[in-house]
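S.K.: Please build the complete structure, drawing on both the sequences and the hints.
Listed below, chain by chain, are the residues.
2 protein chains.
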Amino acid sequence: MKRGVIFGHRDFDKVNNLINKKEDFAVVGGMMPSGQMHIGHKMVVDQLKWYQDKGAMLSILIADLESYAARDMSFEKARDIAVNEYLTNYIALGLDLEEDNVNVYLQSKNDTLRDLAFKASKKTNFNELKAIYGFTQSTNIAHIQAPLVQVADILLPQLEEFGGPKRVVVPVGVDQDPHIRLTRDIAHKLNDEYGFIPPSSTYHRFLTGLSGDKMSSSKPSTAIYLNEDSETAAKKVKTAKTGGRESLKEQQELGGQVDNCVIYEMFVYHLIDDDKELEKIRHDCLDGSLRCGDCKAKASELIVEMFDEIHDKQDEAREIANNLI
Amino acid sequence: MKRGVIFGHRDFDKVNNLINKKEDFAVVGGMMPSGQMHIGHKMVVDQLKWYQDKGAMLSILIADLESYAARDMSFEKARDIAVNEYLTNYIALGLDLEEDNVNVYLQSKNDTLRDLAFKASKKTNFNELKAIYGFTQSTNIAHIQAPLVQVADILLPQLEEFGGPKRVVVPVGVDQDPHIRLTRDIAHKLNDEYGFIPPSSTYHRFLTGLSGDKMSSSKPSTAIYLNEDSETAAKKVKTAKTGGRESLKEQQELGGQVDNCVIYEMFVYHLIDDDKELEKIRHDCLDGSLRCGDCKAKASELIVEMFDEIHDKQDEAREIANNLI
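Here the protein sequences come in this chain order: A and B. Taking this note's numbering, the leading residue of the first sequence gets 1, the next gets one more, and so forth. Taking this note's numbering, the leading residue of the second sequence gets 1, the next gets one more, and so forth.
If you are wondering where the hints come from, they were derived from the structure by calculation, not from laboratory data. Any given hint could be a false lead.
No copy labels: a pair is met if it fits in one copy or bridges any two.
As the list claims (entries may be wrong) - Distance condition first, Cα-Cα at most 25 Å in a straight line; then the derived DSS-like pairs of lysine-lysine:
hint, residue 1, residue 2
1, 296, 2
2, 122, 77
3, 109, 123
4, 214, 298
Just so we're clear, the structure is a prediction, and the values are computed from it rather than from any experiment.
M.R.: In structure tokens:
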């Protein structure tokens, strides 16, 4: 929150009011079980943890219906990846998923969700979904249903069994905003039956990949995976694109391009909690006195610490994860 | 079977072979819980009973997803109607739903079914469903999903948990043939994963309504409901349109129009089991010696017998029905 991961929102002020008044609200987080979890994903977990610390009910969905529709992944494989890759690391990263106020579920195993998705699907049509998602008439029907399942994921915490209507906040990338708008629209249409409050959302930045492009699960050279050993992680950090100049001389004269540096971004988002320490790095980079090699060395060291801590917790976390769903 | 209720089929010969060889097969029957069950519905129950006597696995679905999509009926109300109106009478009419080889289920409560419907939905698209069902772009998505749920209903008995791939026969009205064709198509597309055998189907006649038009649940003057008391049923029989002539004289000269007589149809399909007795009625009608009043009196008497028998069994049947789903 303090580091500017979130750059936009819809009705977050209302969530904030509830936090200040210590009233009930919920946060929805989800994962599409595919590939490996990387440090970019940690930014979402950090947000969920922040909300949990503020007293939010946590609703975490595993999008196995979506991974089946989009990637032909069997429900068994989706569960396996969700447990061993995602939930294990969520827990190792500090989320408490065993608390009463937490609901972790597989979409395919959640009847209440499916009922709600079905009811939502009665409130929209092909035209509307085409306008939002660009579906064509040859889009398969599973794919057409997927957004309605997501709508239900977001509305689920407002059902009676979770204490009834309440504000829900969904941290998403801005590319997910159409889902939020569709959900708000359908919440309105289902209002008579459920009294839904339109969900709030926040829009977050993504961690830049090591090469300066997008960090991607499927491109190992761009991402540091949470299951990699600490040495591999440290080595990868050293390959990251920095904001360094062509030569040391130029760097000393012009200063580093700190806002265009993957290493500095990792400091900001993951590795350095102390604001003063961070400010000093920023200052020293800009004035040319700090060298990229020094930052890389420091980042490697910190990521080894972070990864050692995560890995220490993984065994226990995996056991907990296995019992959740 | 002997009275020509069925007038067409698709691959029924293969079902017949299995019956003769006493091999496994299944029959799928379903109900959309709406309104009241009438004696026309009994013709389907009679077919299911015929298959059950031949050793078929019985799979009976309650289409509560469809009644929600098409009629906004809540799942609770759908269950209530299914139990008290349909299943109770199915049992009272002689179906044994407590046997091991029977699966009665609510669509909305059947995860396996929903998974299968979802997988089926990946194998078709809007274009194809539009061509079959005439959907438009403003058809709601729940409605678009409904046929895929029916496809899954028909394929369900072939899953491993019911003993794996087997021939399934579905007794339907001819208006349901598009479902069967869609199901055969999707069975083929899911073949790699499931080894599905394309389902067989039979096409049956419907009982004519009392007024000579369609017998309809929603038009009390056309239908005799199974929950009506015997006297009401008997009175209704007397209102039925017969094949009688304008005058008794004309009737004696020309004979009755036996094939255009609702009472005679009731004899054929429901009330008279003895072929010789039926043949005599037909003969005496055609030669003008039988009067419509006599037939109506006989039909009233027989329907009182039938209804008394059904009603005697209803209390016990209702208790069994309540424990099924």
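S.K.: If a hint holds in the structure, say so; if it doesn't, say that too.
M.R.: Structure-based check of each hint:
1. 296 to 2: So residue 296 and residue 2 pass the 25 Å test inside one copy only (24 Å; across, 87 Å).
2. 122 to 77: between (30 Å within a copy, 18 Å between copies)
3. 109 to 123: both (23 Å within a copy, 21 Å between copies)
4. 214 to 298: within (23 Å within a copy, 83 Å between copies)
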